[in-house]
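**Q** Taken in sequence, the protein lines are chains A and B. Anchor point for the first sequence: position 327 equals 327 in the numbering used here, and the numbering is continuous, going up by one each time. All you need for the numbering used here is the position in the second sequence, starting with 1, plus 404.
Simulated from the structure, these hints should not be mistaken for laboratory data. Be aware that a few hints might be false.
[As the list claims (entries may be wrong)] If we take Cβ atoms under 8 Å as the criterion, some of the chain A residues that face chain B in the derived model are: (1) MET1; (2) ASN9; (3) MET299; (4) ILE301; (5) LYS304.
Glycine included, C-beta positions come from ideal geometry on N, C-alpha and C.
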Amino acid sequence: MLFTLAWRNLWRNRSRTLITMASVFFAVLLSVFTMSLQKGVWDNLTKNVVSFYAGYAQIHLSGYWDEQVLDNSFAYSDSLNQIVLQQPHITGTTPRLESFALASSEQSTKGSIVVGVDPEKENMVTKLENKLTDGKFIQLSDTAVLVAEGLAKKLQLGVSDTIVLIGQGYHGSTAAGKYPIKGIVKFASPELNAGIVYLPLLEAQNLYGAPGMLTSLVLSLDDPSNLNKVVSNLRPIIGNAYEVMPWQEMMPEIQELIRTKEGSTYIIIGILYLLVAFGIFGTLLMMTAERRYEFGMLMAIGMKRKRLAWVVLVESLLVTITGCLVGVLVAIPLVSYLHTHPIRFSGQMAEMYEGFGFEPIIPTVFSPPVIIEQTVIVTCIALVLSLYPLVKVFTLNEVEAMKR
Amino acid sequence: MDTIIDAHNISKVYNPDTIPVYAVNNVHLHVHAGEFTALVGPSGSGKTTLLNLLGGLDRPTSGNVVINGVDITQLSPSQLIDFRLHNIGFVFQSFNLIPVLTARENVEFIMLLQNVSKKERDQRVTALLAEVGLADKMNVRPAQLSGGQQQRVAVARALASKPKFILADEPTANLDSVAATKLLDIMAKLNQEENMTFIFSTHDQRVIDRARRVITLVDGAITSDTGQTPTD
Chain A
1 MLFTLAWRNL WRNRSRTLIT MASVFFAVLL SVFTMSLQKG VWDNLTKNVV
51 SFYAGYAQIH LSGYWDEQVL DNSFAYSDSL NQIVLQQPHI TGTTPRLESF
101 ALASSEQSTK GSIVVGVDPE KENMVTKLEN KLTDGKFIQL SDTAVLVAEG
151 LAKKLQLGVS DTIVLIGQGY HGSTAAGKYP IKGIVKFASP ELNAGIVYLP
201 LLEAQNLYGA PGMLTSLVLS LDDPSNLNKV VSNLRPIIGN AYEVMPWQEM
251 MPEIQELIRT KEGSTYIIIG ILYLLVAFGI FGTLLMMTAE RRYEFGMLMA
301 IGMKRKRLAW VVLVESLLVT ITGCLVGVLV AIPLVSYLHT HPIRFSGQMA
351 EMYEGFGFEP IIPTVFSPPV IIEQTVIVTC IALVLSLYPL VKVFTLNEVE
401 AMKR
Chain B
405 MDTIIDAHNI SKVYNPDTIP VYAVNNVHLH VHAGEFTALV GPSGSGKTTL
455 LNLLGGLDRP TSGNVVINGV DITQLSPSQL IDFRLHNIGF VFQSFNLIPV
505 LTARENVEFI MLLQNVSKKE RDQRVTALLA EVGLADKMNV RPAQLSGGQQ
555 QRVAVARALA SKPKFILADE PTANLDSVAA TKLLDIMAKL NQEENMTFIF
605 STHDQRVIDR ARRVITLVDG AITSDTGQTP TD
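Construct the entire structure; sequences and hints are all you get.
**A** Structure follows, in structure tokens:
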């Protein structure tokens, strides 16, 4: 009968119960939605930034990242590639040979980054072909180049014109070559757009006198969330001769930016929790004050505090659990829908995103840990607040309570 | 006759350190089994406070209350609740039934707190509600009952725990004369036929007229006590 009493008590003041349930419901819904959205936005940003150039992880010769020169390149071998590809969660590798050269036309000269790539594989990581604004994409067997739009403009060159590259090759040799421009690529990053040239890998190795050498091997993963696992697995396997660097180590400023933004998200969520807590506490406060006389009467006729507290606790649990369940049941399809059908920008905002090479969307992540974490947090807040009427029951004076 | 309540020089003083107010002032009182006693007096004379002290709802500032040989002033708050459950029935002025439970459940509730078996509960609830003339209102919630009917459910609830005595604080105050008379008839019948002891505070002359013992309180002190059961 005590459970019946608790259940019926809930419905004696329908509005109060529904308001409390709604507070819990909206708390779960909003916190799950906000966290999923924020995580989705940052994951998407990371994906965009990472796929912009660096990839999620790279293998270099040990020390290369601190001193990025050709002499710190390594010999690309099938055995190394096979070892890497045998590791779980690694779906592919993309070789690169990067160096520096003076790029010249008849009119002008400019320092630029020269990247030797396997065009097909590179396309899988950075979607380079999508950045093509003029001409055609290069093939591995070509002896032609892709030039960034800004650099082409500076040198007053276009498709089918010839670009001259002069620089220092492997072990101090001279690197010089002239190449027809097969395509123009446009980057949102002004830095890259002003000075990058893509060569087929074999041609780059020829140019720099470094046949079979690479400066980096970019790793593709099945799921970015496995990055840390992949890096820590790979490090002991390939040994000290090589360094395995996740994007966070290669681009610490991006990592720092995301951390800072995540911090501000937690502040927003914290404010949300606070608002919800006040909402729930307000109704509990009202309920406790309203039923003070009744609590006193029940104790007067012989109901022990523990039993009374049990009834009140069951009431709180029913409200909290119902609110949470409904919240989760609505949050799951909502987050799932927005994960598969992300909010899409249009107009100027979309152009701005696309200008940076980003997809103009705000996706959510559909992550059971996020849903569970937020539900548990809101449940805990509601349960902690439910202690208030219990404290009142345990400290109530029957006679004082029954004074109207 | 058996002494059920033995109150020795009990006082209840509010604001003892500033301006002391004696709600109950040095009251010495014995109540025997089977009494039908009215506590009367003007408002503020200390009737309700004295009932609270006799019922273990409140503690005296001095003196002690012995019920059936147990000094209840020495019991812990938790022991007091348990003591009340098994020894004292309460009827309140404003009925104080649990609004979400039916008449049957309200009466059964006390026995549930006493861990009485389901079978015994069912039998007793049926008998008690029949005794107060509400056999046909068993499954009705308090809001659907008249004031008099609610108070009769409250009497049945008070009886359900098989208490040593019933304390009723102005039980007819919120009832019309017909309902009040009916309630008094039931209480008198229970007193006469089952020897149930009733102590009630009242202003109502009809109640006072039905009482066999009338204790008058003024400013917290007993000024007269008529019809007292003679001690052996």
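**Q** Could you run down the list of hints and mark each one as holding or not?
**A** Comparing the hints with the structure gives:
no.: 1; hint: MET1; result: holds, 5 Å
no.: 2; hint: ASN9; result: holds, 6 Å
no.: 3; hint: MET299; result: holds, 6 Å
no.: 4; hint: ILE301; result: holds, 5 Å
no.: 5; hint: LYS304; result: holds, 5 Å
Comparing the model with each earlier hint shows no violations; every hint is respected.
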